[in-house]
Every structure is written in structure tokens, then in C-alpha cells.
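Enquirer: Using the sequences and the hints, build the whole thing.
Number of protein chains: 2
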Amino acid sequence: MPSHHHFSTRYLSAPDVIDMVQRKGVEACLRGVADYLHADFLRWGAFDKSARVASHSRDGVIELMPIADDRTYAFKYVNGHPKNTRWGLSTVMAFGVLADVATGAPLLLSELTLTTALRTAAMSAVAARAMARPGSRTMALIGNGAQSEFQALAFHHLLGIDTLRLFDTDPAATAKLQANLQGTGLRTVVCTSTAEAARGADIVTTVTADKTNATILTPDMLAPGMHINAVGGDCPGKTELHADVLRQAQVFVEYAPQTRIEGDIQQLPADFAVTELWEVLAGQHTGRASDAAVTVFDSVGFALEDFSALRFLRDTATELGIGQPIELIPELSDPKNLFGLLRTRNPLLRAAA
Amino acid sequence: MPSHHHFSTRYLSAPDVIDMVQRKGVEACLRGVADYLHADFLRWGAFDKSARVASHSRDGVIELMPIADDRTYAFKYVNGHPKNTRWGLSTVMAFGVLADVATGAPLLLSELTLTTALRTAAMSAVAARAMARPGSRTMALIGNGAQSEFQALAFHHLLGIDTLRLFDTDPAATAKLQANLQGTGLRTVVCTSTAEAARGADIVTTVTADKTNATILTPDMLAPGMHINAVGGDCPGKTELHADVLRQAQVFVEYAPQTRIEGDIQQLPADFAVTELWEVLAGQHTGRASDAAVTVFDSVGFALEDFSALRFLRDTATELGIGQPIELIPELSDPKNLFGLLRTRNPLLRAAA
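If you read the protein sequences in the order shown, they are chains A and B. When we follow the UniProt record's numbering, the leftmost residue of the first sequence carries the number 1, and every step to the right adds one. When we follow the UniProt record's numbering, the leftmost residue of the second sequence carries the number 1, and every step to the right adds one.
For the record, the hints were derived by calculation from the structure and aren't laboratory data. You may find that some hints are simply not true.
Put simply, identical chains are the same to the list, so a pair is met inside one copy or across any two.
In the DSSO-like style, the derived pairs of lysine-lysine whose C-alpha atoms are separated by at most 30 angstroms in a straight line are [as the list claims (entries may be wrong)]:
no. : residue 1 : residue 2
1   : Lys336    : Lys24
2   : Lys24     : Lys83
3   : Lys336    : Lys83
In this text, all values refer to a predicted model and were calculated from it rather than measured experimentally.
Expert: Here's what the structure looks like:
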């Protein structure tokens with residue numbers, strides 16, 4: 001916490017976070033973010049929570065996701081524009097801020113495009129640890145786009161998944177995923193349909209990007225004991241699961257008020273029974289009811305996950321000495337004299353001197 | 001708008017914006033922001049508007065203020081912590097972003113601490129031009145803190161105010177304001193109470209900072225034809241005007257749904273009649289009803305004002321060549337291959353090479 005006027009914001013650029021992940025390793029980062037997530041979900045009641053604020057347009061959505069406990073405030077800016085890859089841009093781009101609740105000072109500004117993929121995968125793995133059958137080894141991975149490697153590695157390192165059954169409507173995406181997973185120890189099986197990929201899978205992860213009400217997964221593909229990690233259905237009009245898949249399963253969510261708007265359960269009545277993940281992690285609710293039950297984690301991405309990820313970035317940046325101070329907020333010799341900034345010698349010249 | 005993957009965000013630090021204002025001059029900046037504000041308020045119907053998202057804590061508030069038209073999205077992060085000056089920090093600190101609605105790409109990240117003071121003052125002047133009696137020359141300025149110089153200069157340059165009647169509970173604040181206004185051509189009269197300052201004033205500006213339901217201005221201080229520019233009452237539990245001042249006046253607001261929560265009119269029933277400023281600027285509603293009427297601009301600060309200010313900063317930064325590109329969003333050779341970032345040579349080393 002800043003105690004005087006020599007206060008600056010630490011900035012972590014995208015290259016900084018790439019540097020961080022390369023130096024620590026993807027596995028350590030996934031484990032680290034998962035630990036921070038788990039710890040923060042156990043403090044669920046300590047957070048001032050709200051559904052994100054979305055601005056929808058023809059081709060996509062821009063969202064702000066704020067959350068705070070009594071010491072730290074965080075928010076993320078994130079977009080979702082499925083057509084972006086046509087212009088060479090990412091579908092999802094993000095950045096975020098950690099701030100001090102006591103003063104409002106922004107302490108950290110960081111890229112979150114890469115980090116969002118890490119935290120989403122870590123969240124999926126934390127949920128699956130509480131819901132998937134112990135001994136799960138095979139995962140179907142439907143949608144082999146930008147987030148798929150992170151999901152694959154999170155389930156490999158945190159759950160012991162050793163075999164992936166892959167399907168994407170674009171074979172080039174699957175080939176890219178296979179190439180990126182070389183040397184990780186994961187065995188990959190390329191399938192020609194979602195149904196084929198789901199066959200024999202202990203876990204089915206859906207991470208597709210189309211902004212439509214799709215039915216990627218239908219009831220005929222379910223098998224007793226399956227865990228479904230549904231990641232891609234995450235905004236109004238964007239779903240992946242047939243409604244009957246949800247009706248036949250135990251459904252777990254991050255934060256029910258938001259998931260009822262954005263998740264696959266948007267297809268179902270507002271009183272459809274769901275369990276919030278934190279209740280399971282805190283031991284207040286059982287997870288999987290039986291070996292034969294089908295469980296669904298209807299993941300949409302909640303602000304608390306970015307809070308946890310930003311905490312991980314801050315602590316790791318401090319540990320490794322990564323990032324730069326920036327003067328996003330002016331440094332005032334007298335905080336009651338904002339106008340005085342304009343009467344001083346140009347601070348850019350001062351800084352250069 | 002980015003058309004390919006060589007996309008970066010322009011960053012304007014606090015020193016950059018100080019540099020901009022020093023090079024253009026405060027008057028030109030106030031006039032410029034006022035022009036952008038006026039133009040955007042005339043396009044009121046084109047904006048996707050919402051009340052800001054506030055996170056209240058014991059000592060203050062942190063807010064996110066998003067808004068968009070069909071081409072540009074903007075948001076501001078801003079805090080309000082009245083006790084901050086004790087730690088040498090500003091009461092209000094802010095930054096903001098302009099983004100491309102079509103792709104979600106953040107195009108500009110800028111300081112908004114200094115800029116918020118400029119845009120708030122410009123907004124007050126734009127409103128007063130539509131509400132104050134023509135020929136107004138004397139303004140009472142109640143609260144001589146961080147924003148007071150900006151209010152003084154905006155009314156001097158945009159309305160022709162030549163005399164200020166000053167009052168603050170802290171005489172040091174008034175002395176600072178006087179010192180900062182030396183050489184501007186404004187005549188200042190130091191008063192020992194709000195009532196004394198208001199006496200003979202054509203316009204009364206209240207810009208106090210206490211987070212309480214204060215009654216800075218009471219009905220006995222009103223005179224026929226007065227315009228009241230109420231700036232400091234801007235969040236729940238923070239008001240400046242006695243309720244009867246509002247009842248005796250024509251009240252104008254920025255965006256009624258937000259002002260009813262945050263403005264001085266929070267003291268009054270939800271059906272208390274107010275007029276939105278854009279209606280007056282667009283000629284859809286008369287402003288001042290008569291020379292004898294008392295008018296109040298119950299200003300709380302609306303997201304559209306930051307949208308306008310960010311547009312002004314972007315255009316002026318381009319004109320003057322101010323600011324730096326930053327890699328807040330990773331540059332991807334293949335946007336479908338986010339994981340590929342981690343398999344390349346460290347981009348920091350690449351950048352240094």
C-alpha cells in the first residue's frame with residue numbers, strides 16, 4: 001500500500017507475462033494460478049460480487065469484470081469477437097488492474113490475454129478435481145483453438161489426464177494443437193466428430209468459439225460417470241450443450257446470477273437447480289453424487305478468477321523482478337494542488353534529466 | 001482501426017498529458033474538450049448508456065464508467081477517497097481506455113486524473129452556457145481544492161466570468177487557488193463564509209469533497225436569476241445542497257438514472273422533475289425559464305464526458321505526436337495460436353535485439 005506520494009503502478013506487458021511463464025514454466029503457472037483460485041474460492045463470502053457489465057455489438061462483446069474484498073479491488077477488460085481472426089486479431093483480448101481498496105490507487109496493470117487462457121484452464125481443472133471420477137485418464141477436447149493447449153496441460157498436470165481425443169471442425173486447428181503438445185507426454189487421438197471424440201472419454205471439454213446457440217454435445221454422447229467441462233458457452237446466445245444434457249446432469253457453476261444469463265443454463269428456467277463451485281470446495285455441498293452420475297461444470301468465467309490470476313501475476317512479478325513502474329497516475333508534491341502540475345517544469349524533461 | 005496483427009495500444013502517461021496541456025495551453029484544452037462534449041451530447045441517442053458500477057468501501061469508492069456508440073467504446077476507472085490527501089495521494093485518481101467496437105481492441109490507454117478535472121470543468125461551463133443568465137460576470141467558488149482552478153478557468157474563458165468570490169473551510173486551499181490564478185486576469189475576493197461568497201454572485205459553483213450529506217448551500221443564500229453549478233455532490237451519501245434549494249429551482253442533470261442515485265437530487269423523491277442537459281443543448285427543451293429563475297446543474301460526472309475527453313486526448317496526441325505504443329495485447333503471428341507465444345524465443349529479448 002502506498003504510504004506517501006511516491007506511488008507508481010507496476011506495468012506487466014504481454015512480453016513481460018510471456019517472459020514470466022517461460023521462466024517459471026507452464027506447469028508451475030497453472031499450478032500456481034490453481035492454488036490462488038482455490039484459496040480465493042474458499043473466501044467466497046469475503047467478496048463484493050456482481051455480474052459483469054457487457055456491451056454487446058454486432059460482431060462481439062466488450063466486458064468489464066470488477067470484484068473486491070476489503071483490501072483489494074480488481075477488474076478485467078475483455079472482449080469476445082469470433083470474427084477477429086480474419087483480421088489477424090485474437091478472438092479474446094484482455095487486460096486488468098489490481099487496486100488498493102483503502103486509497104483507490106491502481107497498483108498493477110497487466111496484460112490478461114495470455115493470462116485469461118491460463119486462469120480459465122486452471123479453473124476448469126480445480127472444478128474437475130472436485131467433480132470428475134477419480135482415476136480419469138482420457139479427455140475429449142472439442143474445439144482446438146486458442147485455449148485448447150491450456151486446457152490440455154491443466155488437465156494433464158492437475159488431474160493426470162494422459163490421453164486426449166481431439167475434434168475441431170477445422171483440421172488445421174487440431175494439427176496446431178498436436179504440434180504444440182509435442183513433448184508434453186500427452187497422447188493425442190484425432191477424431192472426425194464430437195461423438196467419436198466423446199466415446200470412451202472420462203471428461204469432455206468443450207471450448208468452441210461460435211457466437212451461436214450450438215448443440216455441440218447431445219444426450220446420446222453421454223456415458224455414466226462422465227464429467228463435462230463446458231467452457232465455450234459464455235454469453236447470451238452462445239451455448240454448446242443440448243438442454244437435455246444439462247437436465248440429465250448435476251450442474252455446477254461459478255456464480256449463479258451471472259451463469260443464468262451467460263452459461264449453457266441460459267436455456268433452462270431460472271429455478272433450474274445448480275450448485276456453486278465454492279460450496280463444493282468448502283465442503284458445504286457434495287460434488288459428484290455417484291460414480292454413475294454425469295457432472296457438468298458450466299463455466300463462463302467470473303471476476304474472482306481474474307482477481308486470483310492478478311494476485312498470482314503480482315506476486316510472481318515481484319519474485320522474478322518483472323515489470324516496470326509507470327506514471328499512470330500523476331505524482332503530486334501537494335495532492336490538493338492538482339493544477340500545480342501544469343505550473344511546474346515539464347515532468348517529461350525532468351524525467352529525462 | 002487495426003486491420004492486421006501489427007496492432008498496439010497508444011499509452012498516454014500523466015507526464016504526457018501534462019506535456020499536452022502545457023503545449024496547447026489550458027484555455028485551448030478547456031475549449032477543445034467543451035467542443036467534443038457539446039458534439040457528443042448532441043448525439044445522445046447514439047450511445048449505449050448505463051449507470052456506473054461502484055464499489056463502496058469504508059473510506060471511499062472505486063468506479064468503472066463504460067459507454068459506447070456503434071464505433072467506439074470507452075471506460076474510465078476512477079476512485080474517490082476524501083482522506084487520501086493525508087497520505088499524500090489525490091482524492092480522485094483516474095485512467096481510461098478507448099477501444100474499437102468492431103474488434104474489441106484497446107486503442108488508447110490514458111491517464112485521466114488531470115483530464116477528469118479538465119472535462120468536469122468544461123462540462124460545467126457547457127451546461128452554464130445553456131442555463132446561466134447572459135452577462136454573468138461574478139462566480140462564487142465554494143471549495144477551493146484540486147478542481148477549483150479548472151472550474152475558475154473554464155468559466156473565465158467560456159462564459160466571461162471575471163470575478164471570483166472564494167470560500168473554503170481551509171484558508172490554505174484558498175491561498176493556493178489565488179496563487180495558481182495569478183496572471184489569468186481573474187479578480188478574486190476571499191470570503192469568510194459560503195453566504196458571504198454567494199452574495200452578489202451570478203453563478204455559485206460548489207465543489208467540496210466531504211463524503212457526507214452536507215448543506216453547503218441553503219435557500220437563504222439564493223438570489224433571483226442565480227445559476228448553481230453543483231459539482232461536489234456525486235455519490236450516495238454525498239450532497240451539498242439543502243433540499244429546498246432544489247425544490248425552488250429548475251434542476252438539470254446529465255443522465256437522470258445515475259443522478260437520482262448519486263446527485264443532490266438523491267434527497268428527493270424519484271419523480272422529482274429534472275431535465276437532461278442534452279435536451280437543452282439539442283433545443284428539445286428550454287433551459288432557463290426566466291431571468292428570475294434559479295437554475296441548478298446537479299453534476300455527478302457521466303461516462304459520456306470521459307468518452308469525449310478521451311477522443312480529445314487521442315486526436316490531440318496524434319496532432320502533437322505525444323504518447324508511446326505499448327504491447328498491452330500480445331502480437332500474434334497466428335491469432336488462433338495463442339500458445340505459440342510460449343514456444344517462441346523470449347519476445348523481450350527479441351525486442352532488445
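Enquirer: Compare the structure with each hint and give your call.
Expert: Consistency of the hints with the structure:
1. Lys336 to Lys24: between (43 angstroms within a copy, 24 angstroms between copies)
2. Lys24 to Lys83: neither (33 angstroms within a copy, 40 angstroms between copies)
3. Lys336 to Lys83: between (47 angstroms within a copy, 11 angstroms between copies)
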